[in-house]
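S.K.: So the chains spell out like this:
2 protein chains.
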Amino acid sequence: MYKRRQKRGKISIYMYDLAIIGGGPAAISAAINAKITDKNFIWLGQKSQKAARAELVKNYPGLPDISGEQLVWALENHAASLGITQKDMRVLGVYKTGDYFSLLTEGEDFEAAAVILCIGVSSIKCAEGEERLLGRGVSYCATCDGMLYRGKKIAIICHDKKFEHEAEYLFSIAGEVVFSPLYKDCKLAPERGEILIKTPTAFVGDDRLERVVYGDTERAVDGAFILKSSLSPSALVHGIEIDGGHIAVDRALRTNIAGIFAAGDCTGRPYQYAKAVGEGNVAFHSAIEYIAAIKK
Amino acid sequence: MYKRRQKRGKISIYMYDLAIIGGGPAAISAAINAKITDKNFIWLGQKSQKAARAELVKNYPGLPDISGEQLVWALENHAASLGITQKDMRVLGVYKTGDYFSLLTEGEDFEAAAVILCIGVSSIKCAEGEERLLGRGVSYCATCDGMLYRGKKIAIICHDKKFEHEAEYLFSIAGEVVFSPLYKDCKLAPERGEILIKTPTAFVGDDRLERVVYGDTERAVDGAFILKSSLSPSALVHGIEIDGGHIAVDRALRTNIAGIFAAGDCTGRPYQYAKAVGEGNVAFHSAIEYIAAIKK
Numbered sequence: 001m002y003k004r005r006q007k008r009g010k011i012s013i014y015m016y017d018l019a020i021i022g023g024g025p026a027a028i029s030a031a032i033n034a035k036i037t038d039k040n041f042i043w044l045g046q047k048s049q050k051a052a053r054a055e056l057v058k059n060y061p062g063l064p065d066i067s068g069e070q071l072v073w074a075l076e077n078h079a080a081s082l083g084i085t086q087k088d089m090r091v092l093g094v095y096k097t098g099d100y101f102s103l104l105t106e107g108e109d110f111e112a113a114a115v116i117l118c119i120g121v122s123s124i125k126c127a128e129g130e131e132r133l134l135g136r137g138v139s140y141c142a143t144c145d146g147m148l149y150r151g152k153k154i155a156i157i158c159h160d161k162k163f164e165h166e167a168e169y170l171f172s173i174a175g176e177v178v179f180s181p182l183y184k185d186c187k188l189a190p191e192r193g194e195i196l197i198k199t200p201t202a203f204v205g206d207d208r209l210e211r212v213v214y215g216d217t218e219r220a221v222d223g224a225f226i227l228k229s230s231l232s233p234s235a236l237v238h239g240i241e242i243d244g245g246h247i248a249v250d251r252a253l254r255t256n257i258a259g260i261f262a263a264g265d266c267t268g269r270p271y272q273y274a275k276a277v278g279e280g281n282v283a284f285h286s287a288i289e290y291i292a293a294i295k296k
Numbered sequence: 001m002y003k004r005r006q007k008r009g010k011i012s013i014y015m016y017d018l019a020i021i022g023g024g025p026a027a028i029s030a031a032i033n034a035k036i037t038d039k040n041f042i043w044l045g046q047k048s049q050k051a052a053r054a055e056l057v058k059n060y061p062g063l064p065d066i067s068g069e070q071l072v073w074a075l076e077n078h079a080a081s082l083g084i085t086q087k088d089m090r091v092l093g094v095y096k097t098g099d100y101f102s103l104l105t106e107g108e109d110f111e112a113a114a115v116i117l118c119i120g121v122s123s124i125k126c127a128e129g130e131e132r133l134l135g136r137g138v139s140y141c142a143t144c145d146g147m148l149y150r151g152k153k154i155a156i157i158c159h160d161k162k163f164e165h166e167a168e169y170l171f172s173i174a175g176e177v178v179f180s181p182l183y184k185d186c187k188l189a190p191e192r193g194e195i196l197i198k199t200p201t202a203f204v205g206d207d208r209l210e211r212v213v214y215g216d217t218e219r220a221v222d223g224a225f226i227l228k229s230s231l232s233p234s235a236l237v238h239g240i241e242i243d244g245g246h247i248a249v250d251r252a253l254r255t256n257i258a259g260i261f262a263a264g265d266c267t268g269r270p271y272q273y274a275k276a277v278g279e280g281n282v283a284f285h286s287a288i289e290y291i292a293a294i295k296k
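Order-wise, the sequence lines are chains Z and S. Position one of the first sequence corresponds to residue 1 (the working numbering), numbered consecutively onward. Position one of the second sequence corresponds to residue 1 (the working numbering), numbered consecutively onward.
Chain Z with its partners taken away, still in its complex shape:
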């Protein structure tokens, strides 16, 4: 086993065989399998809000007439009974580095030989230019990139109350802010700048972001921070093949990138608990086969 730990600047790096990204049923299923087979793995993700929202689930075999909340509890409790819970972290990027993958989060970074993406489907569509200008003026992470925009003019598009601390941090750094809180009951306002309650429709610029278009109006900015829970697969993993808005996978849940697997809603319909746990199981088995092969 090639476990190692080192420090690079302030960031800890760990090497795992397997990283599971996501907090919903597919991720839980993969993690349960990883734990009971004693694999060297890390599980990163935020609890799925969507999974718990179903009023009544009648078709999760073995647990009849259960609410979404109860079902998610049963799944999480199963994992917890094995002593595992996910690290509550947003993964912001997965990069191929030599023969393993680097996983970038807001704090620590992680390394793994194989990755299973269980990232669900986002109801927040990417705007035009968003993915193209990612890392070139567009950012998903205040902590990572905020300091690059000290004294500059930035747009902040905030999709959830839970990111308000990131917005406040950016308020304190930026010279001027165009702040778009796209959720209810936001009490926050930047000291320097304006509030603009509009959804961006395009991020414009050749090599770097130059302006953000909000339907019939626009603002010239140096940078734009989009604060949302779920990133699109192609924003998360450069070059991953998408088919009809979902991650393209084969029957073994392999993506087009060797070593990256996907499971659950992110691979396509039907959006069902049973499908998700089944795919989490299959993706785990495929990943383990892949890891065994590269270790030979």
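One should not assume that every hint holds.
Below 20 Å or equal to it, Euclidean Cα-Cα: the simulated SDA-like pairs (lysine to any residue) are [said to hold, decoys possible]: (1) Z:Lys35 - S:Ile36; (2) S:Lys35 - Z:Asp65; (3) S:Lys35 - Z:Ile66; (4) Z:Lys58 - S:Gly83; (5) S:Lys58 - Z:Lys152; (6) S:Lys58 - Z:Ser123; (7) Z:Lys35 - S:Tyr271; (8) S:Lys58 - Z:Thr37; (9) Z:Lys39 - S:Lys58; (10) Z:Lys39 - S:Asp65; (11) Z:Lys58 - S:Ile36; (12) Z:Lys35 - S:Ala54; (13) S:Lys58 - Z:Leu63; (14) Z:Lys152 - Z:Glu210; (15) Z:Lys58 - S:Ala79; (16) S:Lys35 - Z:Glu55; (17) Z:Lys35 - S:Ser67.
Calculated from the model, a selection of chain S residues having no Cβ within reach of chain Z, i.e. all distances over 10 Å [to be verified]: (18) Ser29; (19) Lys50; (20) Arg53; (21) Tyr95; (22) Glu106; (23) Cys141; (24) Pro190; (25) Ile195; (26) Ile197; (27) Arg208; (28) Val213; (29) Ser229; (30) Ile240; (31) Ala258; (32) Ile291.
Derived DEER-like restraints, expressed as beta-carbon distance ranges [unchecked claim]: (33) S:Ala258 - Z:Glu69: 33 to 43 Å; (34) S:Glu55 - Z:Leu188: 49 to 59 Å; (35) Z:Asp243 - S:Ala258: 47 to 57 Å; (36) Z:Asp243 - S:Arg208: 33 to 43 Å; (37) Z:Ser67 - S:Tyr271: 51 to 61 Å; (38) Z:Leu56 - S:Asp243: 30 to 40 Å; (39) S:Ala258 - Z:Leu56: 30 to 40 Å; (40) Z:Ile242 - S:Tyr271: 22 to 32 Å.
Hints are computed from structural coordinates only; laboratory data are not their basis. No residue lacks a Cβ here, since even glycine has one placed at the ideal position from N, Cα and C.
Based on the hints, put chain S in the right spot on chain Z.
M.R.: What follows is chain S alone, placed relative to chain Z:
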């Protein structure tokens, strides 16, 4: 809805939108979905013996540390709570008839617009020539074909105690029997003929069965009855595509035959409860989409 019922000789024929074949977790999952969405379906199959055999199942999400027997009970109980149980019948053939499928069993026949095969994997491999000579001297069904061999010489290969009544029925018809009970504690013996405790290795004949080879010995016969629970997919459905011993399916669980879907162990590894229920769910959704399209 094109429900109809007619009599053809002594056999009743029913038309269903969907037929689910199998008694294991994949079939249960598909049937639960069919019931809660109020579909016009029939569920044919024998209870899975294999599924209940696992000593301890740790990775069926939501039901930690459960025995195979308890898990199968939970799944069957879920179906029963919805008022559905499978018709305990061996399906012996699925034939395309116009725009629907005919399902042949030992008693009634059934018709359905779409079929989901959840037939598991058989540990009993087909012998050489078995599938080729099916219906030409080789039969899986005593009740269906027994009378064709009145007074003739037949081989009976019996894989399970539960088929002893079929063997006895054949003893009473045939002129001479070569009886091969391939299970423990068989007390049965034919009045006319011999007991030969050997597994057939080949069924030989050009147009019709002429003899059965049992390794280093052989017997000339007019017919051979192979009594076993699970038929191979290609014995059950003529022309179905097989890949490495499993039914070839795409991500939507479609087989190469439009209208026939497959789920569970019969589609390949990993042989896991979670995969099976997930595939039962997906196959159901694909079948319903198919039925909606042909009804347009």
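S.K.: Run every hint past the structure and note whether it holds.
M.R.: Now for the hints, and whether the structure bears them out:
For the given pair, Lys35 of chain Z sits about 34 Å from Ile36 of chain S by alpha-carbon distance, which is inconsistent with the 20 Å threshold. Simply put, Lys35 of chain S and Asp65 of chain Z have alpha-carbon atoms about 13 Å apart, close enough for the 20 Å limit, and the pair holds. A distance of roughly 16 Å separates the Cα atoms of Lys35 of chain S and Ile66 of chain Z; the hinted pair therefore holds under the 20 Å criterion. The straight-line distance between the Cα atoms of Lys58 of chain Z and Gly83 of chain S is roughly 13 Å, inside the 20 Å bound, and the hint therefore holds.
Between Lys58 of chain S and Lys152 of chain Z the alpha-carbon distance is near 54 Å, which puts this suggested pair outside the 20 Å criterion. Only pairs whose Cα atoms come within 20 Å are accepted, and Lys58 of chain S paired with Ser123 of chain Z is rejected, the gap being roughly 33 Å. With a CA separation close to 18 Å, the supplied pair Lys35 of chain Z and Tyr271 of chain S stays within the 20 Å bound. Pair hint Lys58 of chain S plus Thr37 of chain Z holds up; C-alpha atoms about 10 Å apart against a cutoff of 20 Å.
With a C-alpha separation of about 15 Å, the suggested pair Lys39 of chain Z and Lys58 of chain S falls inside the 20 Å cut-off, and the hint holds. For the proposed pair Lys39 of chain Z and Asp65 of chain S, the alpha carbon gap of about 19 Å is at most 20 Å, so the pair holds. Pair hint Lys58 of chain Z plus Ile36 of chain S holds up; C-alpha atoms about 7 Å apart against a cutoff of 20 Å. Of the pairs offered as hints, the one joining Lys35 of chain Z and Ala54 of chain S holds, with about 19 Å between alpha carbons and a cut-off of 20 Å not exceeded.
A threshold of 20 Å between alpha carbons decides the hint, and for Lys58 of chain S with Leu63 of chain Z the separation of about 16 Å falls inside it, so the pair holds. The hinted pair formed by Lys152 of chain Z and Glu210 of chain Z meets the criterion: a straight-line CA distance of about 12 Å does not exceed 20 Å. Distance hint between Lys58 of chain Z and Ala79 of chain S is fulfilled; the C-alpha atoms sit about 10 Å from each other, no more than 20 Å. For the hint pairing Lys35 of chain S with Glu55 of chain Z, the CA-to-CA distance comes to about 19 Å; that is within 20 Å, so the pair holds.
Between Lys35 of chain Z and Ser67 of chain S the alpha-carbon distance is near 18 Å, which keeps this suggested pair within the 20 Å criterion. Listed as a non-interface residue, Ser29 of chain S fails to keep its Cβ farther than 10 Å from every Cβ of chain Z; the least gap is roughly 5 Å. Distance to chain Z confirms Lys50 of chain S as a non-interface residue, since its nearest Cβ pair spans about 17 Å, more than 10 Å. Arg53 of chain S, annotated as away from the interface, keeps every beta carbon of chain Z farther than 10 Å; the closest lies near 17 Å.
Chain Z leaves Tyr95 of chain S outside its interface by the beta-carbon criterion, the shortest separation being 27 Å against a cut-off of 10 Å. Distance check on Glu106 of chain S: its Cβ is at least 28 Å (rounded) from any Cβ of chain Z, clearing the 10 Å threshold; non-interface status holds. Against chain Z, the non-interface label of Cys141 of chain S holds: every CB pair exceeds 10 Å, the least being about 31 Å. The claim that Pro190 of chain S is not at the interface with chain Z holds, since no C-beta of that chain comes within 10 Å of its own (minimum 44 Å).
No Cβ of chain Z approaches the Cβ of Ile195 of chain S within 10 Å, the least distance being about 43 Å, so the stated non-interface status holds. Listed as a non-interface residue, Ile197 of chain S keeps its Cβ farther than 10 Å from every Cβ of chain Z; the least gap is roughly 38 Å. The claim that Arg208 of chain S is not at the interface with chain Z holds, since no C-beta of that chain comes within 10 Å of its own (minimum 39 Å). For Val213 of chain S, the condition that its CB be more than 10 Å from all CB atoms of chain Z holds, with the nearest at approximately 37 Å.
Every Cβ of chain Z is farther than 10 Å from the Cβ of Ser229 of chain S; the closest lies at roughly 22 Å, confirming the non-interface assignment. Non-interface call for Ile240 of chain S relative to chain Z: holds, since the shortest CB-CB distance, roughly 16 Å, exceeds 10 Å. In this structure Ala258 of chain S is separated from chain Z by more than 10 Å, as the shortest Cβ-Cβ distance comes to about 19 Å. A cut-off of 10 Å between C-beta atoms confirms that Ile291 of chain S is not in contact with chain Z; the least separation is 15 Å.
For the pair Ala258 of chain S and Glu69 of chain Z, the beta carbons lie near 40 Å from each other, so the given range of 33 to 43 Å is met. For the pair Glu55 of chain S and Leu188 of chain Z, the supplied restraint of 49 to 59 Å holds, since their beta-carbon distance comes to about 56 Å. Between Asp243 of chain Z and Ala258 of chain S the beta carbon distance is about 21 Å. The supplied range of 47 to 57 Å is therefore violated. At roughly 49 Å, the beta-carbon separation of Asp243 of chain Z and Arg208 of chain S lies outside the given 33 to 43 Å, and the hint is violated.
A hinted range of 51 to 61 Å for the beta carbons of Ser67 of chain Z and Tyr271 of chain S is inconsistent with their spacing of about 31 Å. Taking 30 to 40 Å as the suggested C-beta distance range, the pair Leu56 of chain Z and Asp243 of chain S conforms, at roughly 38 Å. Evaluation of the 30 to 40 Å hint for Ala258 of chain S and Leu56 of chain Z yields a pass: the beta carbon distance comes to about 34 Å. In this structure, Ile242 of chain Z and Tyr271 of chain S meet the distance hint of 22 to 32 Å, their C-beta atoms being roughly 31 Å apart.
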